[in-house]
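Protein chains in written order, with this note's numbering: chain A, 1 to 285; chain B, 1 to 285; chain C, 1 to 285; chain D, 1 to 285.
Errors might be hidden in some of the hints.
In this list, chains with the same sequence are indistinguishable; a pair is considered to hold if it fits within one copy or across any two.
Taking lysine to any residue and the SDA-like style, the derived pairs with C-alpha atoms no more than 20 Å apart in a straight line are [what the hints assert, rightly or not]:
| hint | residue 1 | residue 2 |
| --- | --- | --- |
| 1 | 201 | 29 |
| 2 | 201 | 60 |
| 3 | 201 | 229 |
| 4 | 201 | 230 |
| 5 | 201 | 251 |
| 6 | 201 | 97 |
| 7 | 201 | 67 |
| 8 | 201 | 128 |
| 9 | 201 | 43 |
| 10 | 201 | 212 |
| 11 | 201 | 226 |
| 12 | 201 | 175 |
| 13 | 201 | 250 |
| 14 | 201 | 174 |
| 15 | 201 | 31 |
| 16 | 201 | 120 |
For the record, the hints were derived by calculation from the structure and aren't laboratory data.
Protein chains: 4
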Amino acid sequence: MTDTARYLLTSVCPDRRGIVAAVMGFLHGEGLSIDEAHQHGTPEGQFFLRIAMSGAVGAVPDLATLAARFAPIEAEFALQAELRDLARRARVVIMVSRTGHCLHDLLHRWQAGQLPIDIPAVVSNHDDQRSFTQWCGLPFHHLPASGDRDADDDRLLALIDGLDVDLVVLARYMQILSPRLCARLAGRCINIHHGFLPSFKGARPYHQAHARGVKIIGATAHYVTTDLDEGPIIEQATQRVSHSRSPEELVTIGQEVEASVLSRAVRWHVEGRVQIAGQRTIVFD
Amino acid sequence: MTDTARYLLTSVCPDRRGIVAAVMGFLHGEGLSIDEAHQHGTPEGQFFLRIAMSGAVGAVPDLATLAARFAPIEAEFALQAELRDLARRARVVIMVSRTGHCLHDLLHRWQAGQLPIDIPAVVSNHDDQRSFTQWCGLPFHHLPASGDRDADDDRLLALIDGLDVDLVVLARYMQILSPRLCARLAGRCINIHHGFLPSFKGARPYHQAHARGVKIIGATAHYVTTDLDEGPIIEQATQRVSHSRSPEELVTIGQEVEASVLSRAVRWHVEGRVQIAGQRTIVFD
Amino acid sequence: MTDTARYLLTSVCPDRRGIVAAVMGFLHGEGLSIDEAHQHGTPEGQFFLRIAMSGAVGAVPDLATLAARFAPIEAEFALQAELRDLARRARVVIMVSRTGHCLHDLLHRWQAGQLPIDIPAVVSNHDDQRSFTQWCGLPFHHLPASGDRDADDDRLLALIDGLDVDLVVLARYMQILSPRLCARLAGRCINIHHGFLPSFKGARPYHQAHARGVKIIGATAHYVTTDLDEGPIIEQATQRVSHSRSPEELVTIGQEVEASVLSRAVRWHVEGRVQIAGQRTIVFD
Amino acid sequence: MTDTARYLLTSVCPDRRGIVAAVMGFLHGEGLSIDEAHQHGTPEGQFFLRIAMSGAVGAVPDLATLAARFAPIEAEFALQAELRDLARRARVVIMVSRTGHCLHDLLHRWQAGQLPIDIPAVVSNHDDQRSFTQWCGLPFHHLPASGDRDADDDRLLALIDGLDVDLVVLARYMQILSPRLCARLAGRCINIHHGFLPSFKGARPYHQAHARGVKIIGATAHYVTTDLDEGPIIEQATQRVSHSRSPEELVTIGQEVEASVLSRAVRWHVEGRVQIAGQRTIVFD
């Protein structure tokens, strides 16, 4: 029996004729089968590509060889490309404060084998989620705010750097990241906002939604940038609510939406389905 | 065979013990059966009531008599009450500019006997919708902007006053109403905004939504106030959209949502199901 | 400071004039305030009522006294009524097999104080969910199938009877209940079916849905009756899926819908919001 | 200024390595740019492809030339392919009985330039929709049932054959097509069923849904086959309904869903986005 190599190519480049033919021809020449292929050209002239491919180990090149042979095409089309081995699971650190619904949802999916990630650490500025995290067999790091923001950032970055992290998920982490952290984690830090962005940025979005009298609430997963709640949106969902719901009931109703939205965003990110195009995202689902 | 009288009571008053018992006892004493009853007390201490009732003509008082006998209860509980005969259909003027999807939806429902309203006029600042309106057998009034805003308002108000109108529906009427019009039509003018308020107020909301990269678009029906797109929301709905949709496609997708939302808001209003509580609405559906 | 007594009246009776007035008048006479009131008359002539009420302890009768004084009204209108103290939490036994997503969702909500229930036991025919249940601090009963169905039923009923159980929740319990169990638990046993009933009854509904090529999958919470998957439906929800999803992916996508639907059904049941009318339910949400 | 030629390739073939590379390489060699590309391999081993492409008239071959040059690839991969000029609008006959909501929705979209089709005829077994159809400037054919089913079929087929029709849309046409008609229109006849298939096949689905007490109703657009309501599903949508809705209200609520679902199915079909795979459809949206 032969093992199967599964690779993923994601790329962005200026849109022009011949990209797909060149890439497909190359991959075919290397003996690879195309399992999934998505493309999108933006009105601004960027061209995004995502190709999942496979072949028998031995019959197809290893990843390093493939990448080396692909270099001329990258150069020709000015592709910014990433080639990954799909067998390697993304390493995801989850950050949380006191409220556990998003953390619990992510860890249950992970336990059930439904989220293809490794979780080297759960980090929190509170201690509430230690018990559940450890019951799941995962390391819990309690990093309370020390009052010295720079030192806190240093400690967090040291932890992240030491764990070789692909993605940081803010699963209801109720601290605003410093600009330094935002910059260091650019494009690999996802936050769940408990409001339907761009409405109701900032604090207590359900109370804002209640005061405004909206008939539908929502949640938004987005990449973190230095502009609070302004990063590129990955996924959103909404839920109808009636006039009879109190702000506290909106909080409860919304938690389910938050957990659902965040888990989809995390899955899509680690499967290489999300690409950033300015303030927008391309999601090849 | 006996005819049935069907009445509707809607009221708001300061919340205190005994309101429902007093009202129900009174209606029972007058020989009326309760067909539907809804109540809601707000955290701010207002109490809203909607009761649909019926009885055999002759066995129950006529509306004027009922109202007169109800007066002591109104006084006792400081009720602001409205008593209506449900047999009387609301008179609704529809205003539209060039885009007809909301108008067409409303008129088709009306033709199919699904919207219990009379439509004494369709008013437009353009002539595009004349043909369809007249094919429906309805009067079409073309009131183009003359350049003199006050005179335009006078003309419109004269028309509305002369037609004994209960409700004005802005079915994609692309003019901002003057403060005078807003004041005159307070609580009886519904607008459809083609965005998910409070996001994307003002012009070209689908283009705003596209630029921001939201994954869900929406529409909002609200009462018109002098604060543009800030009036109490009656109904909203949303629709998922992918990254591949252009602003123009969002416009097309959204039109269906707009028509659907507006028709529900109009129905609920004319059935006395909507009551205004500050910037919020109570919808007894 | 005075404590507040909170009571709930739910009732069904033949529809006739005067019920609401009589009940409301009675409650008012007993010094009670109405906090929530819902009513529904069916086309078949049944009248359903749900009234949540409150008053200062001492100023209003205790539950037994209230019930005794209410008896004449019950008799007059042939009301089948239930009067409960809302301070008493429902006792809910959860049954599960191997798959834990519904159990986990219910227990997390319970831990977060969002489900007003006591859970005297989690029961399973497998041992998989013991660890999580016990981490939650709850008793776990492993009742594997012994091969003697009657003896199994006896053991389960003894457990349920001994725990004074108000509701049994089948949270993905993959055994068909015997007619004897169905009868004994009539009206107080809720099942989550992982398909959109009445489509896809029985085993492997997601595989059935995939084979049929539906574009939307769903889940259904219903009361258990002897007719498999035919009991009165309490709640349903749906989720769009594309042609590219495998049956296994439908299973994963559907789990979220199942947990969400089941938790709403359980909440509504324990809050006395669900009443059975033949094969239908009235849900006063 | 140069005109742009826009072509569409849709194909199905046995899944094997190299299809995409061969097709993409061919199209590139012919000077064509890829505007949209979708692919899907089924578990059963079929491979579906849809490619929209364009190029300057003169610089790229005309359609007949392109098809001729493509023949060797078709042969090599056993492709069942269709090549079309996207400038040619599909010719769609709409059939309707008395209820007009789906017809009106389709015609309004067509009038607004949102459905890229030509409508050579509206056909009905009743006369109710003549006025609206003719107001839209379209030919209306009244073909009442004569009692002789074969003769009726002959007349209808003669009409359809004479009009060079690409698609027949049953927009609430309340007659069951004969097996002969189903066979003649296989793969080019779409029906809207006013129920959420596979639940509630056959007559009066909303009344069936009401009797069963479902909490969500739906509509289904599907290709017509000789098995009533069993053809491949193209699109579905659902809508929540409460216990308080009568069957008649479900009918009204459902009409909006029906019109919306049908219009999407028609659009996707005429844009070549739908391909049939056994009892399922692939929808490349």
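Hint-by-hint comparison with the structure:
1. 201 - 29: Intra 50 Å, inter 48 Å, cutoff 20 Å: neither.
2. 201 - 60: neither (49 Å within a copy, 45 Å between copies)
3. 201 - 229: both (6 Å within a copy, 18 Å between copies)
4. 201 - 230: Classified as both: same-chain Cα gap 8 Å, cross-chain 17 Å, threshold 20 Å.
5. 201 - 251: within (15 Å within a copy, 25 Å between copies)
6. 201 - 97: within (19 Å within a copy, 33 Å between copies)
7. 201 - 67: This pair counts as neither: shortest intra-copy Cα distance 42 Å, inter-copy 48 Å.
8. 201 - 128: The answer is neither: 26 Å in one copy and 40 Å across copies each exceed 20 Å.
9. 201 - 43: neither (28 Å within a copy, 24 Å between copies)
10. 201 - 212: both (13 Å within a copy, 14 Å between copies)
11. 201 - 226: within (14 Å within a copy, 25 Å between copies)
12. 201 - 175: So residue 201 and residue 175 pass the 20 Å test inside one copy only (14 Å; across, 29 Å).
13. 201 - 250: within (16 Å within a copy, 23 Å between copies)
14. 201 - 174: Close inside one copy (13 Å), not across copies (28 Å); limit 20 Å.
15. 201 - 31: neither (49 Å within a copy, 45 Å between copies)
16. 201 - 120: Classified as neither: same-chain Cα gap 31 Å, cross-chain 42 Å, threshold 20 Å.
Checked against the numbered hints given earlier, this structure breaks hints 1, 2, 7, 8, 9, 15 and 16; the rest are met.
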